[in-house]
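Participant: Since the structure of chain A is already known, use the hints to place chain B on it.
Protein chains: 2
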Amino acid sequence: MPEFLILSSPEQALKKWFSAMPNNPRQSEEIDSILGLNRFTSSPICSKKPYPEFSRSTVDGYAVRAVDTFGAGESLPAYFSVIGEVPMGKKPEFASTVGSAALIHTGGMLPVGADAVVMLEYAQLSKNGELEVVRAIAPNENVIQMGEDVVAGQIVIPVGSRLRPAEIGGLMSLGQIKVQVVCRPVIGILSSGDEVIEPTIEPQPGQVRDINSFSLSAQIEEWGGLPIHLGIALDRAEALHIALASALENCDAVIVTAGSSASIRDLTAQVIDEMGTPGVLVHGVNIHPGKPTILAVCNGKAVVGLPGNPVSALVIARRFVKPLIEHLSGCAKVFPLPTLPAILTVNLPSQSGREDWWPVRLLTTPQGMNADPIFYKSNLIFNYTQADGLIQISADATGLIAGSHVDVYPL
Amino acid sequence: MPEFLILSSPEQALKKWFSAMPNNPRQSEEIDSILGLNRFTSSPICSKKPYPEFSRSTVDGYAVRAVDTFGAGESLPAYFSVIGEVPMGKKPEFASTVGSAALIHTGGMLPVGADAVVMLEYAQLSKNGELEVVRAIAPNENVIQMGEDVVAGQIVIPVGSRLRPAEIGGLMSLGQIKVQVVCRPVIGILSSGDEVIEPTIEPQPGQVRDINSFSLSAQIEEWGGLPIHLGIALDRAEALHIALASALENCDAVIVTAGSSASIRDLTAQVIDEMGTPGVLVHGVNIHPGKPTILAVCNGKAVVGLPGNPVSALVIARRFVKPLIEHLSGCAKVFPLPTLPAILTVNLPSQSGREDWWPVRLLTTPQGMNADPIFYKSNLIFNYTQADGLIQISADATGLIAGSHVDVYPL
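These protein sequence lines are chains A and B, in that order. Numbered per my numbering, the first sequence spans residues 355 to 765. Numbered per my numbering, the second sequence spans residues 355 to 765.
Warning: the hint list may mix true and false statements.
Unchecked claim - Covered, in the sense of this in silico footprint (three residues per stretch, anywhere, with C-beta under 8 Å from a C-beta of chain B), are these stretches of chain A: (1) 405-411; (2) 459-472; (3) 501-511; (4) 545-551; (5) 685-693; (6) 726-739.
Honestly, the hints are just simulated from the structure, not real lab data. Even glycine gets a Cβ: it sits at the ideal position worked out from N, Cα and C.
This is chain A alone, in the form it adopts within the complex (with noise of 0.2 Å):
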C-alpha cells in the first residue's frame, strides 16, 4: 500500500512531543569533578567559604593604607617606609601601619591594615630606602577583596548547568572534588529489516550492513546521552514488541530505526503504539529528508522511530534526538545551534510548507566561504560524509537563490 501520513511541521512535532512528556525529577550520581566535562548539576553548587578567601593584590607593586597617598603626584610624592615583602603563599608575619609600603606580588595576601596596592610603576625607592609614590590611588585598587568573587554561603553553579572547563576549575577552587550530576540518560538503538546485518558479518547479496545503530550511537555519545545497541529486530510485529517492550524497561528512552519495507513501516508505528499511553503522538512530518518520522510517548517514555536511510536518519536525530537528550539531561539553558556565515554557489529548489536540510560543503575563498550544496541520495552515507555543514531552508521558502547569504550548520 502506498504510504500516506498527516504530516505536522517540526515545530508542532517538538511541541506536541514535549508537551507530553512527563518532567520527572531526574536521576543522580557522585562522580569526580575532574571527570564532570558536559555533564549536568542536579543540585545547585554552593560555597561554604567566601572565595578569595583573603584580600589578594592582582599586580607587582606596595600594599599600602590607601588614605597615605592622596594627594601624590608627580611634583608631590608620598613617601613610605618599606617594612617588608610578603611571602607568596604565606599570611605576612607584618601590618601595615601610617605611612608604611610592603613589597608584594600579584596573588599575594594583603597585610593587616593594607587596603590598596601601587603598582611598580608608580613606585621608586629612593637613595635613602624610601619609597616614593608618585600617584594617589583609591582604597581597593589593585586589590581582589575577600569574598569579591564569592559569598559564603552563595550559588555558585545553579541547578542544571553544563560543567564546561572554568565550572570544573571553579569547582576545584572552592575544594569540592566531587560533584553531584544527572545520570546520562541511556537511549537504546533498536535497528530493524530483515536485509540489515551486523557489520562484522560478510554480507550476502541482498544484504546490507547496520549503519544507523552506529552512526546515531556516535551522534548520541556527542550530546551527551549513553547510548546502547539492542541490535536488529526482525520484521514481525512479535519480534519488534518483544524487543521494544524490553527496552523500554531499561532505558531512559529508546529509537527504532525503521525497517524500510511499508509493511514494517506501519508495523513501527503500530507496534510503538502498543507501548504505552499516550503512544505515537507525531507520525509524518513536513521536513526533509525523514518525513516518515515517528514520535510517541509511552508510560512516561520517549521512543523515537526514525527513518531507516542513514543520512536521514542522522537529520532528524539533530532535529529531535538532540533536544530530547538536552530534556533527559537536565539542561536549563538551551541556545540555538551556533552558524557560520557563507554564500550558496547554486540556486537551490525546495518545497513551500516543507523544512529542508541540505549538506553543504564549505569553500574558502578570499571573500569568505562558499557553501556548495551536495545533492546526495539519503540512502548513501558517503554521499553525506562530503558536507562540512548543513543548511536550513525554511517551510516558507522555494528554495534558495544562488548568491545568497546562508548560515551554516556546522557537522
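Facilitator: Positioned in the frame of chain A, the structure of chain B alone reads:
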C-alpha cells in the same frame, strides 16, 4: 621590576609560532571504529568493494525493465505479469524478462534484467491479476545502482578527517570495524606558583587551590588532546627547569601556567627559552585578557606559557592551544568557529590595537538574543562561569556601541 613586553598581534603570533613547528608525521594507532568519535584518520580509508554491492530499490513498488513502460500513461497503461516478490535480504531467485514485474520493497535487491522500479502509487493489480502501470519510467529510476555511493578502490574518507557520526556509520557499512587514527596529542600541564596548592588540601592564609590545571585539562580533553597533569612547580628556576625538561620528554607539547609574580613571569620565559631552539618566539600578545602569553618551540615541541589568571588562561587557550591541538592531531580542514547573532546591551569600550574578548550572558527576547557583557576580573573564575559566550572586539575598533549586532562564540 615593572614588566615591559613587545606585543605581537594574535595573528602575527600564531603565524610566527606555527611556522617554527616541524611538520613531523603524526604517530598513529589502530582503534575500534565505534570508539573513533572525533579522532582524525592517519591514512585515507578506501573501500575494497563497490557500495552498495548490488542495485537496490529506493521505494516500494515493482521492479521492471524501464523500456517496457515507455509510452505508458493514464489513458494507455502498460501491462505486466507479476512474477513474484523480492525477499528482503536475499537475492531474488527469478530474473525479470520482457513484460514481467516483481514486487519489491525499499532496500530490496533488483532481479537480474530489471533496471527500474515503478512506485506503488502508479501501479495497480487488475482483476485478472495483471499489473497496470500508468506512467513511463526511465532506466535507473527509483534505483541506487551498484557502486553508486562508492566504486571499488575509492577513497571514502581522506586522511586528516575528523570521524563524525556519519564517518563511523560509513566505516561500519564497509565492515571496517578497526580504523587507523592519529594518536591523541599528549599535552602536559605544569602549574607554578608558591601560593598554589592541590584542591584536596585545605588552604592556609595566603594559599589558593589550583584552578588552571583542571580547567585547562578539561578544555584540552574537549578539543581532542590527552591532558597530563605535571603538578605544581615551585617558583625557582631550577625547579621549573627540571619539571619542564622532563615534561618535554614525555609530552607532545607543554603548557606552563605561569606563577603570577613578576619574577616568576620573567623566569618562566627564560626557562622555556633554555629548553631548545628556536626557543621563545612570542612573549606578549596584544590581546585582552592574556597579554603576557608566551609561545615557544623547543627542539620541535611547542611550549605555551599561559597567564596565571584563570579567565585569561581559558581565553588564551581558545586562541592558541585549540589550533595547536588541531595541528598535532593532523586535522586537514579547519573552519572558523561558529557563532550566534545577538544585540549588545551596553557600550563596550576597548583599546585600539588590542584584540579584546568579552564574556557575555545571552538573554532571549522576543526580538532575538541580547548579549549582556559581564564586567569581570580575569582572576575571578565565577565571574566567567556566568558567561554563555564570548564576543571579540577586533584590534581596529575602540569599542562597540550598545545596540550593535555582535557574533557570540558559545562557551
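Participant: Apply the coverage criterion to the stretch 726-739 of chain A and chain B: a residue qualifies when its Cβ sits closer than 8 Å to a Cβ of the chain, and three qualifying residues are needed.
Facilitator: With 8 residues in contact (Cβ-Cβ under 8 Å with chain B), the coverage given for the stretch 726-739 of chain A holds.
Participant: At least three residues with a C-beta closer than 8 Å to a C-beta of chain B: is that true for the stretch 405-411 of chain A?
Facilitator: holds (count 5)
Participant: Mind checking, does the stretch 545-551 of chain A have 3 or more residues with a CB under 8 Å from chain B?
Facilitator: With 5 residues in contact (Cβ-Cβ under 8 Å with chain B), the coverage given for the stretch 545-551 of chain A holds.
Participant: Against chain B, does the stretch 685-693 of chain A show at least 3 residues with beta-carbon separation below 8 Å?
Facilitator: holds (count 6)
Participant: Quick one: see if chain B covers the stretch 501-511 of chain A, three-plus residues with Cβ-Cβ under 8 Å.
Facilitator: It holds: at least three residues are needed, and the stretch 501-511 of chain A offers 5 whose Cβ sits within less than 8 Å of chain B.
Participant: Taking 8 Å as the Cβ threshold, is the statement that the stretch 459-472 of chain A is covered by chain B upheld or broken by the three-residue rule?
Facilitator: Holds, because 5 residues of the stretch 459-472 of chain A bring their Cβ atoms closer than 8 Å to Cβ atoms of chain B.
In this structure, every one of the numbered hints holds.
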